[in-house]
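**Student:** Protein sequence lines, in the order shown, are assigned to chains A and B.
Residue numbers for the first sequence follow numbering that gives the first Met the number 0, so the first one is 0 and each next one is one higher.
Residue numbers for the second sequence follow numbering that gives the first Met the number 0, so the first one is 0 and each next one is one higher.
Keep in mind that the hints were calculated from the coordinates and are not lab data.
Small disclaimer: the values here were computed from a predicted structure and weren't measured.
Warning: the hint list may mix true and false statements.
Which copy? The list can't say, so a pair holds if one copy fits it or any two copies do.
To be verified - Derived lysine to aspartate or glutamate pairs resembling DMTMM-like cross-links, with alpha carbons at most 20 Å apart:
1. LYS394 x ASP255
2. LYS235 x GLU370
3. LYS125 x GLU231
4. LYS387 x GLU254
5. LYS238 x ASP130
6. LYS284 x GLU120
7. LYS264 x GLU288
8. LYS354 x ASP30
9. LYS93 x GLU280
10. LYS144 x GLU123
11. LYS391 x ASP255
12. LYS387 x ASP292
13. LYS387 x ASP255
14. LYS391 x GLU254
15. LYS264 x ASP367
Chain by chain, the residues:
2 protein chains.
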Amino acid sequence: MNVTGIIVEYNPLHNGHIYHINKTKEITKCDALIAVMSGSFVQRGEPAFVDKWSRTKMALYAGVDLVIELPVIYSKSSAEGFAFGAIATLDSTKIVNNVCFGSECGDISLLYKIAEVLVYEPYEYKQYLKDYLKLGISFPSARLKSLNNYIIYHNLLNVNDINVENILKNSNNILGIEYIKSILKLNSNLKPFTIKRVVNKYNQENLTGNISSATSIRKNINNQEVLNSMPEFCYKIIKEEIKNNNAPISLKSFEDLIYYLIRTKSPNELKNIIDVSEGLEFKLKQAAENTYDIFKLIEYVKSKRYTQTRIQRILINILLNHTNDILYKVNRRPEYIRILGFNNKGRELIKMMKKQSSIPIISNPKRDDYELLKLDIDSSDIYALALKGNKKLSKGDLKTSPIYWQL
Amino acid sequence: MNVTGIIVEYNPLHNGHIYHINKTKEITKCDALIAVMSGSFVQRGEPAFVDKWSRTKMALYAGVDLVIELPVIYSKSSAEGFAFGAIATLDSTKIVNNVCFGSECGDISLLYKIAEVLVYEPYEYKQYLKDYLKLGISFPSARLKSLNNYIIYHNLLNVNDINVENILKNSNNILGIEYIKSILKLNSNLKPFTIKRVVNKYNQENLTGNISSATSIRKNINNQEVLNSMPEFCYKIIKEEIKNNNAPISLKSFEDLIYYLIRTKSPNELKNIIDVSEGLEFKLKQAAENTYDIFKLIEYVKSKRYTQTRIQRILINILLNHTNDILYKVNRRPEYIRILGFNNKGRELIKMMKKQSSIPIISNPKRDDYELLKLDIDSSDIYALALKGNKKLSKGDLKTSPIYWQL
Chain A
0 MNVTGIIVEY
10 NPLHNGHIYH
20 INKTKEITKC
30 DALIAVMSGS
40 FVQRGEPAFV
50 DKWSRTKMAL
60 YAGVDLVIEL
70 PVIYSKSSAE
80 GFAFGAIATL
90 DSTKIVNNVC
100 FGSECGDISL
110 LYKIAEVLVY
120 EPYEYKQYLK
130 DYLKLGISFP
140 SARLKSLNNY
150 IIYHNLLNVN
160 DINVENILKN
170 SNNILGIEYI
180 KSILKLNSNL
190 KPFTIKRVVN
200 KYNQENLTGN
210 ISSATSIRKN
220 INNQEVLNSM
230 PEFCYKIIKE
240 EIKNNNAPIS
250 LKSFEDLIYY
260 LIRTKSPNEL
270 KNIIDVSEGL
280 EFKLKQAAEN
290 TYDIFKLIEY
300 VKSKRYTQTR
310 IQRILINILL
320 NHTNDILYKV
330 NRRPEYIRIL
340 GFNNKGRELI
350 KMMKKQSSIP
360 IISNPKRDDY
370 ELLKLDIDSS
380 DIYALALKGN
390 KKLSKGDLKT
400 SPIYWQL
Chain B
0 MNVTGIIVEY
10 NPLHNGHIYH
20 INKTKEITKC
30 DALIAVMSGS
40 FVQRGEPAFV
50 DKWSRTKMAL
60 YAGVDLVIEL
70 PVIYSKSSAE
80 GFAFGAIATL
90 DSTKIVNNVC
100 FGSECGDISL
110 LYKIAEVLVY
120 EPYEYKQYLK
130 DYLKLGISFP
140 SARLKSLNNY
150 IIYHNLLNVN
160 DINVENILKN
170 SNNILGIEYI
180 KSILKLNSNL
190 KPFTIKRVVN
200 KYNQENLTGN
210 ISSATSIRKN
220 INNQEVLNSM
230 PEFCYKIIKE
240 EIKNNNAPIS
250 LKSFEDLIYY
260 LIRTKSPNEL
270 KNIIDVSEGL
280 EFKLKQAAEN
290 TYDIFKLIEY
300 VKSKRYTQTR
310 IQRILINILL
320 NHTNDILYKV
330 NRRPEYIRIL
340 GFNNKGRELI
350 KMMKKQSSIP
360 IISNPKRDDY
370 ELLKLDIDSS
380 DIYALALKGN
390 KKLSKGDLKT
400 SPIYWQL
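My request is simple: use the sequences and hints to build the entire structure.
**Tutor:** Shown next, in the form of structure tokens:
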């Protein structure tokens, strides 16, 4: 069976994702589609807009056959950690042949060449890098120039001029390169494909008709107009969650908790949180003292070096108490595959995985048997605090069975 | 100058407190009245209904000349710790002659005799105790019987029959005995007075006309009828706070935080919180897993041994992260006297204290110079999370000057 994997957040699922699913099926000619999806916390450093079970339903309705969870240690990581976790998860299933992702450039060879240079670091590339660094140029900028020179010099792309900097300005190109880097590092057989994204701006705040950004959809969810940008079944799922006060969930939902944690932790304790360094612990404490709105706090702390997304990921690390002693796990393969939902074809895929996968397949976790699973369950317990009624109960992750849905 | 001290929470101030103030002035014939008042967290194991600055205003309007803060380490303690902190604070001013408190029995000699036996533990009393314990009777019950026997046998009260058990059933009698015990232990010159309380039931939930319990007033604050039970100026202060969403504050305001803390702390970490023992850490974790309402959680955990109030105090200890390593401070004298508010006479009292007091008088703390002050400031920072606007800012305790108000 020709199986393709996609890496998603569906926060929430919209027409751009439908396009991605259909195009993926078309160009990879796959017989089945597996999505590895972020759970309670997403890569922007935010809690998911609606919970993972609702988003699993959306994925199944949209034509995904099997939804598996990207463990939280990866899902709220930088592009590198996120991509590594997702690729390693798909690779560990041992039944996925292709991976297909959106990118701004839509050019798989270009992304592949860049990834190769970054992973294998050929001699000339390293020389360029050394020379630029000697000139006092910052590392990110020296890396860009060296990449550019190396690719042009070796005519890797049969072009006379490219601008790597422009390519690396786009977040989905960056993610794409990271996916390929992970494939190379893992010696994986996954074959990468890319689709040119229809939406240009990932962070666009206004609805833009048929295809809008997830950001704009979250922002305008109470505006009927979003129905132009997302399938009706997604809209209905979200509306139901909103009716029950279980959406929208945002950093604002955890404002008091995050303020509490920053105010009560010592600078040294904060410094031990993943990615807090260079005195950021003091800046965070100042911000929590002098502001009382989470977005003002982020504004207060962010800088060119600590971008908004990076600060948000740090806030999530604080909320989840992810300290440096678990950081190494981001570079380790996942310990299990957690099923969130499936259809009939998905059930076949699960059977295949159970035979072929290198790691256990978990449908109904009974206990937090694995370290990463414990982190997932704990993170969902914290996410649950923003929900209402029974969803607020703890250990929901141990009590919820995967969703089965067949068209 | 004949100065009387009173120990208050004013949560909120009502007609019963006005009666207490007037009666205190009458029977102690004092020239000035000092109140030592709980700050952000009160003895029932709850955050204060309105913040301490609003309650300071109420006290000044009601005729108190000087309001000083009972440090939080004492204010959310058991009767013993609360009483010790309050008496030690009044004693440390070195300008207070009397202390006058309400009690259900209204009989100072009775309370005094009981306190004396408990502090000095005379030989015969100890013999009774030993004998009862030998019979397999529980310690609290053996202590009651021994007290009873000793007092009757020595005819300490010139009565043939008293029932110490009935006296010790009432929370204000218990507090009164604790006040006197502290006076004895501290070798203080404070002269104790008591006034028979007009309200019978401390926890009465319904308004009962002119004199109602603070509990019933908190419960019915949106009912115009409370105006029968409290001075109009108090009602107005509270209404203003409610309008600004800064009241009512309750355990409910900290529900998510408390759930978060219990869910994320390990049993061992919980065990290190003041008064968590005998496996309560596991019960707390179970409760936080199986409920999602703070009052249900308390219901789940409480038992004959761990009463509702005791559980609530434990929840506050969890919220404030008061661990066993600071427990010893409850039995130490306060390190400073913090002024919350004063009138003209109060200003004179401050001058006198500055000359005579054994510890520093603090009006505008610049930093958290003292360990207990740091705990106070931290606790107010946490309390502030339930407030709105500028009141939500941190270090409010360092930025707010004492309230001056003269009729």
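**Student:** All hints are to be evaluated individually against the structure, with a verdict given for each.
**Tutor:** A quick look at each hint next to the structure:
{"no.": "1", "hint": "LYS394 x ASP255", "in the structure": "between (22 Å within a copy, 16 Å between copies)"}
{"no.": "2", "hint": "LYS235 x GLU370", "in the structure": "neither (35 Å within a copy, 55 Å between copies)"}
{"no.": "3", "hint": "LYS125 x GLU231", "in the structure": "neither (51 Å within a copy, 79 Å between copies)"}
{"no.": "4", "hint": "LYS387 x GLU254", "in the structure": "both (17 Å within a copy, 12 Å between copies)"}
{"no.": "5", "hint": "LYS238 x ASP130", "in the structure": "neither (56 Å within a copy, 70 Å between copies)"}
{"no.": "6", "hint": "LYS284 x GLU120", "in the structure": "neither (40 Å within a copy, 51 Å between copies)"}
{"no.": "7", "hint": "LYS264 x GLU288", "in the structure": "within (12 Å within a copy, 24 Å between copies)"}
{"no.": "8", "hint": "LYS354 x ASP30", "in the structure": "within (19 Å within a copy, 89 Å between copies)"}
{"no.": "9", "hint": "LYS93 x GLU280", "in the structure": "neither (42 Å within a copy, 43 Å between copies)"}
{"no.": "10", "hint": "LYS144 x GLU123", "in the structure": "within (13 Å within a copy, 92 Å between copies)"}
{"no.": "11", "hint": "LYS391 x ASP255", "in the structure": "both (17 Å within a copy, 10 Å between copies)"}
{"no.": "12", "hint": "LYS387 x ASP292", "in the structure": "between (22 Å within a copy, 10 Å between copies)"}
{"no.": "13", "hint": "LYS387 x ASP255", "in the structure": "both (17 Å within a copy, 11 Å between copies)"}
{"no.": "14", "hint": "LYS391 x GLU254", "in the structure": "both (17 Å within a copy, 12 Å between copies)"}
{"no.": "15", "hint": "LYS264 x ASP367", "in the structure": "between (27 Å within a copy, 16 Å between copies)"}
In terms of the numbered hints stated before, the structure departs from hints 2, 3, 5, 6, 9, listed from lowest to highest.
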